[in-house]
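A.B. asks: Under the working numbering, think of the first position of the sequence shown as 1244, with each following residue one higher.
Mixed in with the good hints there might be a few duds.
Unchecked claim - Quick list of in silico lysine to aspartate or glutamate cross-link-like pairs, DMTMM-like style, CA-CA up to 20 Å: (1) K1373 to E1245; (2) K1273 to E1329; (3) K1273 to E1345; (4) K1348 to D1417.
As the list claims (entries may be wrong) - FRET-style restraints, in silico, Cβ to Cβ: (5) K1366 to A1247: 25 to 35 Å; (6) L1439 to E1345: 39 to 49 Å; (7) A1430 to T1330: 40 to 50 Å; (8) A1434 to L1303: 19 to 29 Å; (9) G1388 to I1315: 19 to 29 Å; (10) H1444 to E1245: 22 to 32 Å.
Because the hints were derived from the structure by calculation, they are not lab data.
Ideal Cβ positions, reconstructed from N, Cα and C, are used throughout, including at glycine.
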Amino acid sequence: AEEAPKLKPYMVLAEQLGGFAGQATQSAIKGIEICYEGDVSTLNTKPLTAIVVKGVLGPLLEGVNMVNAPVIAEERNIKITEAKSETAGNYHTLITVTVTTENQKRSVKGTLFNNEPRLVEIKGIHIDAKLGPNMLYLANHDKPGLIGALGTLLGEAGVNIATFNLGRADQGGDAIALIEIDGPPPASVVARVQSLEHVVHAIPMRF
1244 AEEAPKLKPY MVLAEQLGGF AGQATQSAIK GIEICYEGDV STLNTKPLTA IVVKGVLGPL
1304 LEGVNMVNAP VIAEERNIKI TEAKSETAGN YHTLITVTVT TENQKRSVKG TLFNNEPRLV
1364 EIKGIHIDAK LGPNMLYLAN HDKPGLIGAL GTLLGEAGVN IATFNLGRAD QGGDAIALIE
1424 IDGPPPASVV ARVQSLEHVV HAIPMRF
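Work out the full structure, taking the sequences as your base and the hints as a guide.
C.D. replies: Put into structure tokens, the structure is as follows:
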């Protein structure tokens, strides 16, 4: 009970990070690693880990909650590992969630700004994004014209953009976009976004 007020904003962040990782995962999960750095490393992280695992598994399995998520992970031979460090680089606090699948490793990092959760890195690419209820996540190649084509497509489909956050590894290389929209996008619109030149994949997300 004494830790609850301190844990509350971290619980929101943990659920968002887990939910993002789970919704972005396209193949069978082999392991989930959660690294706590800075201020969060001094707290009781056990409930945070349970929330991350729930967030990762929730989009893939029905009936997953904070209590049964670790048990379900164990039953499916999904290895859960936890690491802590008192230092967090440029951040006062940082949580990193890394999901290992049959094909790859994917990581997402988040912190708190004024107790509000923010994503600060996806797949090694820096970004500064606040998640809303409805998001569209794009992995793409950093080429001219994509933002204009995407904005036009969504506008013609009647999908309103609330926020638009971009990040890239290097000029002309891998890039990402996190777009908050006013409601869930129709599947036909997501398919059209997916078919845009330079888009690797487009994934609608709910939080």
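A.B. asks: Give me the numbers of the hints this structure contradicts, sorted from smallest to largest.
C.D. replies: 1, 2, 6, 9 and 10
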